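Chains U and A supply the protein sequences, listed in that same order. Residue numbers for the first sequence, in our numbering: 1 to 310. Residue numbers for the second sequence, in our numbering: 311 to 711.
Derived by calculation from the structure, the hints in this document are not laboratory data.
Here are some of the chain A residues that sit facing chain U, going by a computed Cβ distance under 7 Å:
no. : residue
1   : Phe412
2   : Pro432
3   : Asn433
4   : Asn438
5   : Thr439
6   : Ala445
7   : His449
8   : Phe458
9   : Gly459
10  : Met462
11  : Leu463
Okay, the calculated beta carbon distance ranges per label pair:
no. : chain 1 : residue 1 : chain 2 : residue 2 : range
12  : U       : Tyr298    : A       : Met417    : 52 to 62 Å
13  : U       : Phe117    : A       : Ser492    : 21 to 31 Å
14  : U       : Arg24     : A       : Ser492    : 28 to 38 Å
15  : U       : Asp205    : A       : Ser631    : 44 to 54 Å
16  : A       : Glu555    : U       : Leu228    : 35 to 45 Å
17  : U       : Thr120    : A       : Arg429    : 15 to 25 Å
18  : U       : Ala147    : A       : Gly372    : 34 to 44 Å
19  : A       : Ser416    : U       : Ala154    : 49 to 59 Å
20  : U       : Asp205    : A       : Gly372    : 17 to 27 Å
21  : A       : Asp468    : U       : Asp205    : 29 to 39 Å
Given the structure is predicted, the values throughout are model-derived calculations rather than measurements. Beta carbons: idealized from backbone N, C-alpha and C, even for Gly.
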Amino acid sequence: MTDAISEAPRALEREAEKNDIRTRWLLATPAIVIIFLFATAPLFVMVVYSFLAPGDYGNVKWEFSLDGWTNVLVQRDIFDDTLMWADAHLSIFWRSLSLSVITTFLTLVFGVPTAWFIATQPPGRREVWLFLITVPFWTNLLVRTIAIQELIRAEGVINNTLLFVGLINAPIQMMFTDFAIAFGMTYVYLPLMVLPVYAAVEKLDFRLVEAAHDLYAGRWVAFRRVILPLIKPGIIAGSILVFIPSLGAYVTPRVLGGGKNLMFGNLIELQFGAGRNWPLGAALSLMLMAAVMVSLIYYVRVTSREQSDG
Amino acid sequence: MPRPEDCCLSRAPSCKLIEKPSVMQDTGMQQETGNMDSTETSRPSAGDTAIDVVRVSKIFPGDPEVRALDDVSVAIRRNEFFTLLGPSGCGKTTLLRLIAGFEPPSMGSLRLRDKDISRLPPNRRPINTVFQNYALFPHMSVAQNIAFGLEMLGKPRDEIAATVDEMLKLVQMEALKNRRTSEISGGQQQRVALARALAPHPEVLLLDEPLSALDLKLRKEMQIELKRLQNETGITFIFVTHDQEEALTMSDRVAVMSAGKILQIGAPREIYEAPAERFVANFIGESNFLDAELAGDTVRLKAGGSFRVAVPDGVAAGPVSVLLRPEHASVRIGEPGPEELPVQIENVVYSGDATVAHLRLSTGEAVKARMPNAPGVAPLSSGAKGAAMGIAPGGITVLKD
Ligand SMILES: Nc1ncnc2c1ncn2[C@@H]1O[C@H](COP(=O)(O)OP(=O)(O)OP(=O)(O)O)[C@@H](O)[C@H]1O
Ligand SMILES: [Mg+2]
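So here's chain U without its partners, still in its complex pose (with noise of 0.2 Å):
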């Protein structure tokens, strides 16, 4: 008698139980769907264009052909075939690999200072630094991009003005270099490491930093022991935020650097575009992915063995 009153509900928690999980299969579709058709299927198309051989007009024909990778490295000589280390491609990797570095260094130069201003004003306040740092986000990155190139030319903001006070005699040439990379891409990125920092400092026990100097440690110890440690996950978000895509950029140094100054997302484009060889272009991408992946793998492995440390 009791088990037949207790087996009813059951069966219907069961029922409703099995409802449940093809309710929440139903509304995970578009998800898996989205997930599906805009990440992993298009990877797939760069794996299988990177192991085809280039069409003669760009696009692929459709024959096995290791060419793509093996191009990443060497190079085949156009007049006597010989073979030889693909200079360019290594150099280019190298200038977007420590001008990313440097991009990241110099967002975090700027913008924990920046997001550590914002956290301390009071809140009314903070909207309205928060609304000013997200701002750029709502114009075209070209256009943004543009009106660096306005300031830095020859002729440019920067330039006259200093001729004007009389700093320098000539304009300093900062179009169509490096520097005006590295400036652009800190320029453009700044944000995506001021956020981050700026949601890790608002949480900051500042009690914790009065223990701090209760406890005899000074601004600098008390910043390094205490608040660098506690604001580390947003500092990591953000350095992460800012290093992936300044590896990939392409707008930026094409417009700044003048298509002199190549990095890795221009190499990359060149191969789809003017280059003709998109099987290479794709082996490039899988590579830098590769690179990033790995360079993730390690960070989080290294932070995740000092936060078990203690």
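Take the given structure of chain U and dock chain A with the ligands to it, following the hints.
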């Protein structure tokens, strides 16, 4: 948790055991008068003073501005267990924060053993704080938290290790030294916070309601433990609480605060038995307030009966209000004698060790009498008419208000 008997076992070897003078020289409260210079020179026992708060005010700007401390002066003696007691928002935390150095005073000055520390940053004051929320560093282990202050002082490595071990032993947390502070209980966090603040052996330890988050049992145990630590280390404790029982049982002296002012400073006994103001009397313990007439050193209650009293300074003859603690009143059935007042018993509440009788005087004033229960004493019945209330000798205190 340690029982009180364990105390001696866990005594830290290096903690200086400073004998407290059995009779504190009564230097008076050194209530600062208008003239700062005169108090400066006429203070007889400057060497005994750990922290001297001299006419300090703290005003938080805003609309309206908040006067969190209003001309507060207090001299806290060395090796003293000094308690700030008062209702929420009366400025206790603000005073502690000023002493710790997190906030500068708007007016007045703070001195540590005759040195003006008003402008010294917190990291240059030999004062440590046990924060109300503990404020333990979440990214460090228990041992690392305790070592922090010592590291900042640049102590050698082996000395740090030794002191940390000693502190862990002192608060009985050796087993958990490598735990993260988020992985220990509230009571354990409290003890780590205490150890962290004690490790650098400060001259003064500030404790901001350190026990308020603990349950009653743990709280009682920690009270004993704190008192023991204070005795063993000889450090001056400034303790904040809004629990009057805690204040009375633990302190050498108590300052009762209200609305940014210190109303009275004194030993627990003084505060309880001779409160200067109605607020103090009301805040500490249970109290009956009665209307009376003061003439010379005699008060005549409106409800009848005359009593010799000690008249506090600044109370003039005329209508006054007096305090009668419930335990100083008693009631019996029968005709009132010459020293007794006729009352009506309205209600009788039995509470185990005592009986509380709610009485009504002939003037209509309500009075509570609390009498210990003894074997063989006939229980009172409520509603009985013709009862008499007796007042213990010295049971009447004249209030300033
Ligand atoms: N930073 C501040 N800005 C403005 N007003 C403040 C500030 N800090 C404290 N106050 C005000 O000062 C008064 C005293 O506050 P304080 O924190 O010292 O009270 P408290 O006695 O510690 O109370 P509690 O028992 O609730 O902790 C309160 O009215 C409070 O609102
Ligand atoms: Mg407080």
